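Trainee: If you're matching them up, the sequences are chains A and B in order. The numbering used here applies: residue 1 is where the first sequence begins, and numbers increase by one. The numbering used here applies: residue 1001 is where the second sequence begins, and numbers increase by one.
Just to be clear, a hint being listed does not mean it is correct.
As the list claims (entries may be wrong) - To give a feel for the contact side, a few chain A residues facing chain B, derived at Cβ under 10 angstroms: (1) N6; (2) T127; (3) P129; (4) A164; (5) G165; (6) T211; (7) M217; (8) S255; (9) F256; (10) P267; (11) G272.
Said to hold, decoys possible - Covered stretches of chain B, going by a simulated chain A footprint (3 or more residues, C-beta under 8 angstroms): (12) 1205–1219; (13) 1261–1275.
Rather than coming from a laboratory, the hints here were simulated on the basis of the structure. The structure displayed is predicted, hence computed values, not measured ones. No residue lacks a Cβ here, since even glycine has one placed at the ideal position from N, Cα and C.
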Amino acid sequence: MLELVNFYLLPGLVLGAIYAMSATGLSLVYGVMRFAHFAHGDLMAFGAYAALAAVDALGISPWAAIPIAAAATVPVALAADALFYARLRRSLPAVLLISSFGTGLMIRAGLYFVFGPTQTGYGMGFTPPLVLGALRIQVRHLWIIAGAAVAALALHLLLTRSRAGRAMRAMADDPDLARITGVDVAQVIRLTWAVAAVLVAIAGVFLGIDTQLTPGMGFNVLLASFAAAILGGIGRPWGGALGGLLLGMAEELSSFPLIGGAPLLEPAYKTGVAFAVLVLTLILRPQGLFRGM
Amino acid sequence: MTRFALTRRTMLAATTAAALPLGASRAQAGALRIGAILSASGGLASFVPPIRAGIMLALNEINAAGGVLDGRRLELVEADDQTNPQVGVQVATRLVQADAVPVIIGPMASGITIAVANAVTIPAGVPIISPSATAPAISALADNDTVFRTAVPDGLQGAVLGRITRARGIERAAVMAINNDYGRGLADAFSASFQAAGGTVTASQNFEENRPSYRAELQTLAGRGNPQALVLIAYPASGGTTILRNAVENGFFSRFVLTDGMRDQAVVQAVGAQALRGTFGTAPGTAAAPEQRRRYEEAFRRANPTLDPAGAFVAQSYDAAYVAALAIQKAGQAEKAAIRAALRGVSAPPGEVVGPGDWAKARQILAGGGEVNYEGASGPIDFNATGDARGRIEVWDIADGRINTVENLSE
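Given the sequences, and given the hints that come with them, work out the whole structure.
Mentor: So this is what it looks like as structure tokens:
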């Protein structure tokens, strides 16, 4: 039973927290601008590499580099919007989707160009796990889970307590109504990008801390992030967060050796589990788990 | 290379093709024609230009240095199998029946090689030398000693890995392999050889690339049958390094056995020399002697400035043409059974070593009744009992944070 917690539940939670932060941003962007932002994964990688540059240049720990990573990623998101998405705002959703795909490729190519294709890390070395009774947990995993919780709380406060947050939610509910009631659309869009970029940059640094950095790291978790956003009801940031947690756990738990030491499912297919969960959810609750709640 | 299934239609095609009138074109006097079956169109077409250039380089060198037998020029009759086993059987039938070639270079794909061998060349007794068919199944053909290949079969690395793992005192190992042909094939070859040497595979898993974490997989592997080591068949950047880090950090495994995919100094840097102490692995060895390889590459570049002499199976193609010519010279006649009987002798010791570009020397030795041993551009060749080229497998380990070659093994 403790094995289940140590090696399946906790990794699932950590992975879920990272998915959640990425999915929340995706959900926000979709809610406000109504398009699937495919460059989100590459923004995540950009954030992770921005932190790496800070770690290498300043000799600080990657945790301390998180604000730098966030600050570096926001202008990239804003620039992508100003250069590409803003001009295509009135086009078909498919045009925006493909242009975001292209933007993602550009960001990834830039990372390949500057940092090279080889895997790298923040050079944190190995730390023995924290032993709490029979529970074994990596300290950094506690930090990641806590960090994701704080980010979620901050986002919640922003969306519910601030005027700008309320404007964002108004846009998500009905853009036309929001516009005629005096919401500054351009301002809301900029804020949305900033929030999404901060969240995804933090997710990128977390992912880099937990694993390694490659220019494709964000793209590799992009599909799972989308799945999480849809699972939670796209456009609902909270739904995205919960969807991320659910997916992360479902993936890890699917390879739990329940019967005689053999995994429930060959781990090679565990991404499939996430998508099976997604499809089942959409059949049973087409609006997503948390939409309309 | 790609495998294709032999179907009933293949057999039908072979019978039909065999019924065609014979002797449509006779070898022109003076020139000696040898066959080649390449996949000039279809799925493998992009491999063909450098492979054809490799064969032509060998033939041109031989012709320039006096030709074969009593000064006859070698001429290539090339057929296109369209990367399709049915077509392969048809064109092989034509080469054997109509063009009456005494030896064929190719086919390229393993599946086509098996189809052609079973349907045409084994019954006809014509030797074929594939430069690129790597499927282990070809070794097992009941081929009456007519099927040869200058390519090294896939199974060798796994077989060597299984043996040395057991020899290094590991009795129980868990296997984790990337979920593709490379990973699955090597894992199977390793397991078979490890078990034959008395080891136990406690559990075997295929993993998916590019996952952020592999803790659950590792826990499942470590928790079953008390394995002493993890055999990891992976590539560093698509999961291999993450797996090693996860395994070390959580204490799932402390000893690792790796393959060529992970033979990368960056892995040592990412995981740490301390954690990888005692790690060892295998990789395809540097098969060709450097000076033989250099002569081939220089000649190839002179003849084909735009093609890559190091391209996939190009050196093997050059070597296939060379051993075919040597066997003809040794046999003293362009006759299929005599060539077949001579192929092993000219490729392996004993005999004076000859290499790429040494045709005049080889011809002289053979004319004087001597023996030659061709050491090729791709490796020592040395056809074994099943007609496979002998590759070398490098055994490496990690000591003081560096990857060191321990030895080169064959067989």
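Trainee: Looking back at the hints listed earlier, which ones does the structure fail to meet?
Mentor: Per hint list: 4, 5 violated.
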